[in-house]
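Undergrad: First to last, the protein sequences are chains A and B.
Residue numbers for the first sequence, in the numbering used here: 1 to 290.
Residue numbers for the second sequence, in the numbering used here: 1 to 290.
Quick caveat, the hints were computed from the structure, so don't treat them as lab data.
Nothing here was measured: the structure is a model prediction, and the numbers come from that model.
Any given hint could be a false lead.
Think about it this way: if two alpha-carbon atoms lie no more than 27 Å apart in a straight line, the pair counts; the simulated DSS-like pairs of lysine-lysine are [said to hold, decoys possible]: (1) Lys199/B - Lys167/A; (2) Lys167/B - Lys6/A; (3) Lys6/B - Lys167/A.
Chain B regions said to be covered by chain A (calculated; three or more residues, Cβ under 8 Å) [to be verified]: (4) 101 to 107; (5) 138 to 149; (6) 154 to 167.
The following residues of chain A were derived to be distant from chain B, with all beta-carbon distances above 12 Å [unchecked claim]: (7) Arg145; (8) Ala200; (9) Glu224.
Using N, Cα and C, we set each Cβ at its ideal position, and we do this for glycine too.
Protein chains: 2
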Amino acid sequence: MPLVTKTISEVREQVAAARRAGRTIGLVPTMGALHEGHLSLMRRAREECGLVVVSIFVNPTQFVAGEDLERYPRDLPGDLRRCDEVGVDVVFAPEAEEMYPPGDSTWVEVTGTLVEGMCAPHRPGHFRGVTTVCARLFNIVGPDRAYFGEKDYQQLKIIERMAADLKFPLAIVPIPTVREPDGLAMSSRNVYLSSEERKAAAALHRGLRAGEEAFAQGERNAAEIVRAARRVIEAEPGVRLQYLELRDAETLEAVERVARPAVLALAAFVGRARLIDNVVIGGADRQCRG
Amino acid sequence: MPLVTKTISEVREQVAAARRAGRTIGLVPTMGALHEGHLSLMRRAREECGLVVVSIFVNPTQFVAGEDLERYPRDLPGDLRRCDEVGVDVVFAPEAEEMYPPGDSTWVEVTGTLVEGMCAPHRPGHFRGVTTVCARLFNIVGPDRAYFGEKDYQQLKIIERMAADLKFPLAIVPIPTVREPDGLAMSSRNVYLSSEERKAAAALHRGLRAGEEAFAQGERNAAEIVRAARRVIEAEPGVRLQYLELRDAETLEAVERVARPAVLALAAFVGRARLIDNVVIGGADRQCRG
Chain A
1 MPLVTKTISE VREQVAAARR AGRTIGLVPT MGALHEGHLS LMRRAREECG
51 LVVVSIFVNP TQFVAGEDLE RYPRDLPGDL RRCDEVGVDV VFAPEAEEMY
101 PPGDSTWVEV TGTLVEGMCA PHRPGHFRGV TTVCARLFNI VGPDRAYFGE
151 KDYQQLKIIE RMAADLKFPL AIVPIPTVRE PDGLAMSSRN VYLSSEERKA
201 AAALHRGLRA GEEAFAQGER NAAEIVRAAR RVIEAEPGVR LQYLELRDAE
251 TLEAVERVAR PAVLALAAFV GRARLIDNVV IGGADRQCRG
Chain B
1 MPLVTKTISE VREQVAAARR AGRTIGLVPT MGALHEGHLS LMRRAREECG
51 LVVVSIFVNP TQFVAGEDLE RYPRDLPGDL RRCDEVGVDV VFAPEAEEMY
101 PPGDSTWVEV TGTLVEGMCA PHRPGHFRGV TTVCARLFNI VGPDRAYFGE
151 KDYQQLKIIE RMAADLKFPL AIVPIPTVRE PDGLAMSSRN VYLSSEERKA
201 AAALHRGLRA GEEAFAQGER NAAEIVRAAR RVIEAEPGVR LQYLELRDAE
251 TLEAVERVAR PAVLALAAFV GRARLIDNVV IGGADRQCRG
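Excised from the complex, chain A in its bound form:
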């Protein structure tokens, strides 16, 4: 079993000992409720690093008022079993007070085009919470490599930006989205779905694939690609789209015509679950099935 700790000082001891032994440090930041998507990150970290640290922390600062902070799925015993299966060395599962003691008042925030569209306007303050907690985790663990899923595409781009801008001495390693057999992206929030909703949710990836297919057929007009995806998704009455946007894959600026890799990204409500997904079109295909 991995060593499990709630304290910053104990994580640091473990990392310092591994460093002295010349080992590379890998960090997989998570909010727990680990699924195959997370395991994919952890396995890659295990392959690449001498010490693998998984953080499990349902970070309150990235939840917007009215969101699912209280009911977000928590399963530490199950998470530890999954970490053990992958051979994780250290699980850092702090209480909120360890990460944000009284008086804490520092924010890390990425501005500009990365936070203009997609989830940002619908979850004001969310990405500020993400970068704020990741900066802390990077300083606590001091990893050489930190692993993030492409499922949370905007988050990935924002964290890459933050790590580069603040000169964190580490590499951000993106890991392809892991999907269910019917294409639904793995997500801790999938447990919110009833069996009927679960079937409806498959329309999200079907829609994204329809957008991909339009591009493959030669369509370069962004509105047409989005329309092709939207048509498929809106045919499913159990899904309520929040947004469906085609944006530059690096800057996340809105695009009118696809001339460079672009990300077709969405958020949708299926029942009470808010789900996100994306595909990159016009680039190397890095999606895989779990």
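Place chain B on chain A using the hints.
TA: For chain B alone, coordinates are given in the frame of chain A:
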């Protein structure tokens, strides 16, 4: 002479080599135009650390529109001589593009009581620029200890807060203000003063001492302590006070009665120079003369 470099990668090589040799790393962040105040920081770093890195960077993000970014004094050859005298190992003097390459868009910001008063309302965005550059410098150098002057008291408290909140694995070391024989706090901006202004500027510290003296005589009412200081400073027609405030020495909240250590702090224009100074009252006296 110290090794002088403009690149992050070269600083990191120097630091990595020193780390391998088991040396402690000290960082003295400066904007150059080094004076006895800076030298006092550097000497302490030299005493305490195996490798002393001084950064010299006139950080554009901490200057507010209309301030003295363009005319801020710059003297790299003189600075290097002073670094050499103290035995500094590495001088990191990057161009703005090294610190903020195109696309850079991440800010580090302390919120709350520390940025409610004193310089904050008069220099909107200033402290955000300070924390943003210091977070970068901490990640570039990775020091064990970083040295800051008490002359910039609010900056010191904000950086202490930022470093603690973001869990930077380093100690912030405060260094007492160094003063001219007539009490004027050493500042790179003192070079803006004409000889007449230079004489007038001594009223600032005389005023602060009058506030200290009122406290020493038993006065605990903040307004009375401020009044005692203000009376002395306003008797000098060459000085235009921007603010003169008595605040809690740790939280920087306004105080009405002095029951714990408090900082009597001011900013004032003398000619075209904006100068700041402070004394801590009700605490251990750590001021010294240069």
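Undergrad: So, for every hint listed, does it hold in this structure?
TA: Taking the hints in turn, this is what the structure says about them:
For the hint pairing Lys199/B with Lys167/A, the CA-to-CA distance comes to about 44 Å; that exceeds 27 Å, so the pair is violated. Restraint check for Lys167/B and Lys6/A: satisfied, since their Cα atoms lie roughly 15 Å apart, inside the 27 Å limit. For a cut-off of 27 Å, the pair hint linking Lys6/B to Lys167/A stands: about 15 Å separates their Cα positions. With 5 residues having a beta carbon nearer than 8 Å to a beta carbon of chain A, the region 101 to 107 of chain B meets the requirement of three or more and the stated coverage holds.
Only residues whose beta carbon comes within less than 8 Å of a beta carbon in chain A count, and the region 138 to 149 of chain B has 3; three or more means the coverage holds. Coverage of the region 154 to 167 of chain B by chain A holds in this model, with 5 residues showing a Cβ closer than 8 Å to a Cβ of that chain against a need of three. Listed as a non-interface residue, Arg145/A keeps its Cβ farther than 12 Å from every Cβ of chain B; the least gap is roughly 16 Å. With a cut of 12 Å on Cβ distances, Ala200/A stays outside the contact zone with chain B, its closest approach being about 37 Å.
Every beta carbon of chain B lies more than 12 Å from that of Glu224/A, the smallest distance being close to 30 Å; the non-interface claim holds.
The structure is inconsistent with hint 1 alone, although it conforms to all the rest.
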